[in-house]
Amino acid sequence: MNDSPGWATPGPSPSEGERNGAPDANGTGAQPPSSPPSPQNPAATEQPGQPAQPPADSKWSAQQPPPGQWSSPGAPPAAGDPTAPSDGAPQQPQPGAGWGSYGGGQGGQGGQYGAPYGGGGQYGYPGVPGGWGKPPAAKPGVIPLRPLGLGEILDGAVTTMRTHWRSVLSVTAVVAVIVQLATVVFQRYALDRLTADPDTIAGPREVLDAMGGSLTVTAATIFIQIIGGILATALLTMIFSRAVLGQSSTVAGAWGDARPQLLRLAGLTLLLTVASTALLLVLMLPGILADSAPLTVLGGLGGLVLLAWLWVRFSLASPALMLEKATVMKSLARSAKLVQGAWWRIFGISILTGLIVGVISMIIAVPFTVLAIVFGGGFDAMVAGETPDSWAYLLISAIGGVIAMAITMPMQSGVTVLLYIDQRIRREALDLELARAAGVENYGANGTPHPGAGG
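Here the sequence shown is numbered in the working numbering, starting from 3 and rising by one per residue.
None of these hints come from the bench; they were simulated from the model.
Here the structure is a predicted model, which means the values were calculated and not measured.
The beta carbon of each residue, even a glycine, is placed where N, CA and C say it ideally should be.
Don't take every hint at face value.
Stated by the list, open to error - Cβ pair distances, simulated, as ranges:
| hint | residue 1 | residue 2 | range |
| --- | --- | --- | --- |
| 1 | Ala277 | Lys141 | 18 to 26 Å |
| 2 | Asp157 | Glu435 | 45 to 53 Å |
| 3 | Val187 | Gln249 | 37 to 45 Å |
| 4 | Leu287 | Glu430 | 21 to 29 Å |
| 5 | Trp393 | Ile365 | 23 to 31 Å |
My request is simple: use the sequences and hints to build the entire structure.
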């Protein structure tokens with residue numbers, strides 16, 4: 003331990019070789035600094051109201067500060083302490099009391115556990131006003147108005163589902179029921195058309211008729227799923243945007259806000275779907291034309307990698323289109339701009355969200371699948387080597403699918419919306435606009451820093 007003020011313990015302490023009973027340089031015990039008071043030694047006698055005088059041969063100075071007290075922060079001073087206030091006077095923190103319980107020292111007044119040479123708030127860092135962190139960000143809704151972490155994005159999505167569950171479940175339950183009913187119809191009738199009798203030989207007309215019927219049902223099912231996804235995305239985007247501001251929303255209100263952009267959202271979804279399919283086919287076409295399986299697989303893998311890159315690049319186009327009232331092409335450009343420089347972060351959060359959603363869906367769907375196999379006649383069909391297609395089996399499985407979609411669909415949509423808001427806070431200080439819209443007073447005023455500035 004050195005003698006600098008930052009490392010010294012509270013109160014004066016003798017140096018090495020001057021403690022009572024410590025051996026001196028010759029190995030003998032040190033003599034006490036002064037003789038006991040006696041009539042022959044009046045200088046050693048303590049006078050009332052006067053501090054004790056050190057002996058003539060002591061190295062300590064004549065004027066000594068009061069000894070420090072080993073007290074916890076905020077504890078009252080001990081009786082007889084010369085720094086104790088008089089009756090009726092407010093207690094003031096003393097720089098020498100305790101281990102910097104009120105910060106203090108040079109460089110400004112610090113908070114609790116302040117450093118000896120710097121100010122700062124609680125657990126202040128030496129010389130840095132305000133400590134390590136910034137003032138807490140405003141949180142009018144489900145997220146704080148500052149750049150978000152992974153946990154805060156997931157928590158914001160779950161909090162919105164829990165707080166506004168009436169609006170969220172009303173949207174997702176309706177969409178899930180429509181999608182699952184379409185899936186049940188497809189599985190019940192399209193599979194029957196594809197099943198051929200092994201004892202008969204089907205002619206070209208029968209094959210074309212079966213393929214045409216199955217393609218029609220498949221196309222209708224996909225169309226219903228796309229429409230349901232567009233509707234759910236539009237309404238959930240509005241619900242989540244209001245939840246960020248701390249405002250509740252109804253299905254009717256969300257519908258009124260989303261309706262002007264529904265056709266554009268449908269065009270965006272259709273464009274992305276067709277473009278992705280065409281890109282994958284173009285990359286696989288050389289292998290198909292050359293009748294080369296390895297070349298076809300290689301083209302397919304390259305197409306999947308390129309689709310993953312494009313998927314992340316345009317993943318924020320949907321909330322940009324809905325919340326900024328943009329066109330299809332402008333929303334794609336906005337998404338590419340917001341994702342630039344944060345591709346891997348958005349990719350990781352999206353993949354993790356997909357894994358969480360998949361696990362939750364499996365946990366919900368597996369018990370219903372088991373019930374369908376046991377009570378829906380699925381076991382007999384599987385033993386016979388057939389695909390279970392009874393109404394009981396399909397309906398029980400569909401119930402599990404509806405519950406799983408109603409829970410997981412808002413989580414995916416919520417993460418996408420919150421990622422969009424997070425990127426705009428980091429790049430464009432959107433937190434200022436959100437604070438004004440939420441009615442937060444004096445947010446970022448008078449030059450005070452706000453968490454989104456310079457992100």
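Taking 21 to 29 Å as the stated bounds, is the beta-carbon spacing between Leu287 and Glu430 within them?
violated, 41 Å
Does 23 to 31 Å hold as the CB distance between Trp393 and Ile365, or does it fail?
holds, 25 Å
Given the hint of 45 to 53 Å, check if Asp157 and Glu435 actually sit that far apart at their C-beta atoms.
Since Asp157 and Glu435 have Cβ atoms about 22 Å apart, the given range 45 to 53 Å is violated.
Take the C-beta atom of Ala277 and the C-beta atom of Lys141, compute their distance, and say whether it sits inside 18 to 26 Å.
violated, 39 Å
The hint says 37 to 45 Å between Val187 and Gln249; measuring C-beta to C-beta, is that right?
Between Val187 and Gln249, where Cβ atoms are some 39 Å apart, the hint holds.
Against the hints set out earlier in the document, violations occur for numbers 1, 2, 4.
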